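Enquirer: Let the sequences and hints guide you as you build the complete structure.
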Amino acid sequence: MALAFTALTSLLLIAIFIFKEGIPFIARVGFKDFLLSSDWRPQAGHFGIYPMIIASLLVTFGAMLVGAPLGIACAVFLNEFVSRPVTRIIKPTIELLAGIPSVVYGFIGVVVVAPLIRSQFGGPGLSMLCASLILGVMVLPTIISISTDVLASVPNAYREGALALGATRWQSVHMVILKAGRSGIVAAVILGMGRAIGETMAVIMVAGNTVQLPHSALDSVCTLTAKIAMEMGSATGAHRQALFAIGVVLFLMIMMFNALAMSAIKKRSASK
Amino acid sequence: MLFKKSLILVIGLALIVCGCGRRAGTSLTVAGSTAFQPFAEKLAEQFMAKRPAVNITVQGGGSALGIQAARSGAAQIGMADLVELPPEAKELLGVTVARDGIAIIVNPANTLTNLGLEQIRGIFQGTIKNWQEVGGADHPVRVISREAGSGTRSSFETIIGGITLANAALIQDSNGTIRETVANDRDAVGYLSHGLLNAKVKALRANGVECTEKEIVTGRYKLVRPVFLLVQPPPAGAVKDFIDYILSGEGQETIRQNGLLPAQ
Numbered sequence: 001m002a003l004a005f006t007a008l009t010s011l012l013l014i015a016i017f018i019f020k021e022g023i024p025f026i027a028r029v030g031f032k033d034f035l036l037s038s039d040w041r042p043q044a045g046h047f048g049i050y051p052m053i054i055a056s057l058l059v060t061f062g063a064m065l066v067g068a069p070l071g072i073a074c075a076v077f078l079n080e081f082v083s084r085p086v087t088r089i090i091k092p093t094i095e096l097l098a099g100i101p102s103v104v105y106g107f108i109g110v111v112v113v114a115p116l117i118r119s120q121f122g123g124p125g126l127s128m129l130c131a132s133l134i135l136g137v138m139v140l141p142t143i144i145s146i147s148t149d150v151l152a153s154v155p156n157a158y159r160e161g162a163l164a165l166g167a168t169r170w171q172s173v174h175m176v177i178l179k180a181g182r183s184g185i186v187a188a189v190i191l192g193m194g195r196a197i198g199e200t201m202a203v204i205m206v207a208g209n210t211v212q213l214p215h216s217a218l219d220s221v222c223t224l225t226a227k228i229a230m231e232m233g234s235a236t237g238a239h240r241q242a243l244f245a246i247g248v249v250l251f252l253m254i255m256m257f258n259a260l261a262m263s264a265i266k267k268r269s270a271s272k
Numbered sequence: 273m274l275f276k277k278s279l280i281l282v283i284g285l286a287l288i289v290c291g292c293g294r295r296a297g298t299s300l301t302v303a304g305s306t307a308f309q310p311f312a313e314k315l316a317e318q319f320m321a322k323r324p325a326v327n328i329t330v331q332g333g334g335s336a337l338g339i340q341a342a343r344s345g346a347a348q349i350g351m352a353d354l355v356e357l358p359p360e361a362k363e364l365l366g367v368t369v370a371r372d373g374i375a376i377i378v379n380p381a382n383t384l385t386n387l388g389l390e391q392i393r394g395i396f397q398g399t400i401k402n403w404q405e406v407g408g409a410d411h412p413v414r415v416i417s418r419e420a421g422s423g424t425r426s427s428f429e430t431i432i433g434g435i436t437l438a439n440a441a442l443i444q445d446s447n448g449t450i451r452e453t454v455a456n457d458r459d460a461v462g463y464l465s466h467g468l469l470n471a472k473v474k475a476l477r478a479n480g481v482e483c484t485e486k487e488i489v490t491g492r493y494k495l496v497r498p499v500f501l502l503v504q505p506p507p508a509g510a511v512k513d514f515i516d517y518i519l520s521g522e523g524q525e526t527i528r529q530n531g532l533l534p535a536q
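Each protein sequence line maps, in turn, to chains S and X.
1 is the number of the first residue of the first sequence in my numbering; add one for each residue after it.
273 is the number of the first residue of the second sequence in my numbering; add one for each residue after it.
Do not rely on the hints blindly, as some may be mistaken.
Over 12 Å on every C-beta distance to chain S, these chain X residues come out as not near it, computed from the model [stated by the list, open to error]:
1) F319
2) P380
3) E429
4) A440
5) D516
6) E522
7) R528
With the C-beta cut set under 10 Å, the calculated list includes, among others, these residues of chain S facing chain X [what the hints assert, rightly or not]:
8) W40
9) V76
10) V111
11) A114
12) Y158
13) L165
14) M205
15) G208
16) N209
17) Q212
18) A217
19) S220
20) E231
21) S234
Listed next, the stretches of chain X that the computed footprint assigns to chain S, with coverage defined by at least 3 CB atoms under 8 Å from CB atoms of chain S [as the list claims (entries may be wrong)]:
22) 331-337
23) 342-356
24) 443-455
Source of the hints: derived by calculation from the structure; they are not laboratory data.
Note that the coordinates shown come from a computational prediction; the quantities given were computed from them, not determined experimentally.
Yeah, the Cβ is synthetic: ideal placement off N, Cα and C, and Gly gets one too.
Expert: Right, here's the structure in full:
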């Protein structure tokens, strides 16, 4: 009992702490000047985080463009086209990806992906594109492991029924099985998004951290998490409170993603 | 059963935490600048070998935190590596214990060897956008700077004078990552602590003066910042002894050997 409540209490304490520091700041600076201004100069008293919100969303969206198709395709392959023993080897191996520290992903991004982007497409290399690619790979384990579980829980009768009606294997996958597991797969992607938007270390290393609205995928951007992590060490006074306020925004965004995922899962169990 | 075990664990942890404060002898906390932190750790180690009764804890946290901690008494000594101490540090006594040059670095492939202070300002403000404008190749300039609140950045901007950093500048959060980024990018320009220069990047002359230990000591190289230790005046007891030790021949030699410059 006591141990179970430890997790809950710490979550509650974290929430209270962040909100206590952040909300008064947002109230003082003003909702509009905080969320919708592009001017971030803490020393001069300007705390606009609009470019960072956009950057976080765009990088996450980019990561989904990379991660979702790959992840779902991989899950379909593992479930429908490979024999069980092979799946039993491949799936844990993919889940190992989740155990690689994010610094290592970031390092690969800095020494391999960024120079490649710089030489092929120009720009600084450390960019939104680079961050999206790295994050896209980082969210794969989340998406794949949830999607495979979803697909595995689609009743076998659906498969047999489709094949009995003369559908090819591919037709049965995309017309029946993916449809049946749709809400579960949506939940997998949303949980992957939560992971991508919260990732910090790898993003600091590969995104370039320029506070600006990007004009193209090759521009460098600064996400909300990167800003907090970079400036927390030396921030005092209002600057420090501003970072907590960014924490509030992030907290709400991630809560929203999780709530969306929950409702998607619920819809699925209700429709069964 | 589990509840009992966790209770014992919590009480045990609490006892350990309480016990830390009750060590014999004097204990000192030094906090602040991450650039000087490794030096302070080394110096503290040497000092404690001589004075086993004194226990020194060194923490990082940045220059701003060092000033704050010294004011509030959370630390007996604050470390700050800023050219100009902010007004809230007025009540504290600042002792210069070392100096550090700030080197302007470019990729070794860059043909440029010298920049005037005016040109440096132009580059970091974003008014000079192409290396051609300062006598280099026809490539865009990629400015790399440190995060707001960094002691190196604020010193750099104060010395050069009135820099409002270009919006397009990339931000890296340590000397090491700045060096790595510049080493990997032909068009990049950045700045870092003189002690951290290596062969992967090229230091430019500033106003015709090379960034070497000799030129910094003679005072001809202008991009130099002091490292301050801040204490509540007047320093007494172990605090005074530790600062005296750092300023002694042996302490200054340790600082020099590890890449910073002595105070005098």
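Enquirer: Decide, hint by hint, whether the structure agrees.
Expert: Right, here's what the structure says about each hint:
Against the 12 Å criterion, F319/X stays outside the reach of chain S, whose nearest CB is about 26 Å from its own CB. With a minimum CB-CB distance of about 15 Å to chain S, P380/X clears the 12 Å threshold, and the non-interface call stands. A beta-carbon of chain S is positioned within 12 Å of the beta-carbon of E429/X; the least distance is around 10 Å. A440/X, annotated as away from the interface, has a beta carbon of chain S within 12 Å; the closest lies near 6 Å.
Consistency note on D516/X: stated as away from chain S, and its beta-carbon is indeed over 12 Å from all of that chain's, at 29 Å minimum. Listed as outside the interface, E522/X is consistent with that label: its C-beta sits roughly 31 Å from the nearest C-beta of chain S, beyond the 12 Å cut-off. A cut-off of 12 Å between C-beta atoms confirms that R528/X is not in contact with chain S; the least separation is 27 Å. The criterion of a C-beta within 10 Å of any C-beta in chain X is met by W40/S, whose closest approach is roughly 8 Å, and the hint holds.
Given hint, V76/S at the interface with chain X, is violated; its Cβ is 38 Å from that chain's nearest Cβ, farther than 10 Å. For V111/S, the suggested interface contact is upheld, since its CB lies about 8 Å from the closest CB of chain X, less than 10 Å. Here the hint on A114/S is kept, as its CB sits about 7 Å from the closest CB of chain X, short of 10 Å. At a threshold of 10 Å, the smallest CB-CB gap from Y158/S to chain X is about 44 Å, leaving the interface hint violated.
For L165/S, the interface hint is violated, since its Cβ never comes within 10 Å of a Cβ in chain X; the closest pair sits about 54 Å apart. Taking 10 Å as the C-beta contact cut-off toward chain X, the hint placing M205/S at the interface holds, the least distance being around 7 Å. With its C-beta approaching chain X no nearer than about 4 Å, G208/S sits inside the 10 Å limit, and its interface hint holds. Nearest Cβ of chain X to the Cβ of N209/S: about 4 Å, under the 10 Å cut. The hint holds.
Contact between Q212/S and chain X, as hinted, is supported at the beta carbon level, the nearest pair being about 5 Å apart and thus within 10 Å. The interface hint given for A217/S is violated, since its Cβ lies 15 Å from the closest Cβ of chain X, which is over the 10 Å cut-off. Look at S220/S: its Cβ gets to within about 5 Å of chain X, closer than 10 Å, so that hint holds up. Interface restraint check: E231/S against chain X, minimum CB-CB distance 5 Å, threshold 10 Å, status holds.
Below 10 Å, beta-carbon pairs count as interface contacts, and S234/S has one with chain X at about 3 Å; its hint therefore holds. Residues of the stretch 331-337 of chain X with a Cβ under 8 Å from some Cβ of chain S number 6, which satisfies the need for three, so the listed coverage holds. Against chain S, the stretch 342-356 of chain X contributes 0 residues with a C-beta closer than 8 Å to a partner C-beta. That does not satisfy the three-residue criterion, and the hint is violated. Counting residues of the stretch 443-455 of chain X whose beta carbon lies closer than 8 Å to any beta carbon of chain S gives 6, which meets the minimum of three for the stated coverage.
Consistency note: the structure conflicts with the earlier hints numbered 3, 4, 9, 12, 13, 18, 23.
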